[in-house]
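Start counting at 1 in the sequence shown, then tack on 2, and there's your number in the working numbering.
No false leads were slipped in.
Heads up, simulated SDA-like pairs for lysine to any residue below, C-alpha to C-alpha not over 20 Å straight-line:
id : residue 1 : residue 2
1  : K231      : P175
2  : K144      : A46
3  : K144      : V41
4  : K231      : R176
5  : K144      : R61
6  : K86       : P175
7  : K86       : R176
8  : K86       : V99
9  : K144      : M106
10 : K231      : R16
11 : K86       : R170
12 : K231      : Q14
13 : K144      : V112
14 : K86       : V76
15 : K144      : L193
Rather than coming from a laboratory, the hints here were simulated on the basis of the structure.
Treat the numbers as computed from the prediction; the structure is a model and nothing was measured.
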Amino acid sequence: MERITEMSPRFQARMAGVSYLLGSLTSVFGQMVVLGMLVVSGSATATAANILSHESLFRLGFVSSLMTVPFHIVWAVLFRGLFKPVNRNVSLLAGFVMLVACAMWALSSVFYLAPLLVLQGKSSLSAFAPEQLQALALMLVKLNAQAYDIGLVFFGFWCVLIGYLIFRSTFLPRIIGVLEVLAGLGYLTLLWRPLAHYLYPYNLALAGPGEISLLLWLLVVGVNVERWKEQASAAGDLGSRGAMEGREGD
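Turn these sequences into a full structure, and let the hints steer you where they fit.
Written out as structure tokens, the structure reads:
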């Protein structure tokens, strides 16, 4: 039992790293790789033709994009448990922020699949000309991108909060916390598209060092279990003292 208890924080960290990796890969494949292959910027006709002629690939991209949601939810729960000893309120806020990001990514998946339904639903949309259906499909693709970017804004806020928690923790390197905050600031530029467009690709390049270093550290090292337990114990002592003081006050 002692060995299981000692390994649990490290196991949680590595499972968080696995969820981190799978969530990132499914997101990139669905939103960037597949759509990058099929969507032709400024050409609704070419985009519609690509979607219809590569329906299986498009559906695979949709599934991949949707699967990023459960991976990120698992990731958020595990991070909440890991950083609860550092700051209970901030870790809880980070979890809620990640859930909002997941909600936006789930919404973006609806817009992701919608162009295929529009292009294949000619009988139910017979009042529209083919050119109008193609334009509508391209607009839905753009709505998917907008919803996905809004999710990234909340994800950037999450990165800032987690970076702060890492910096305040004793069981992960502080430099990773600093890099994670910088990654979050890069994603937050998407809140104002003209600014994000002006700073691109440097704003998103900030995400690389923070996310990659955190991912590799979680997968390879995990956390320093002894320091995690020390910080958890200290947090528990502080909570007990606060409860006792409250009772004495009553």
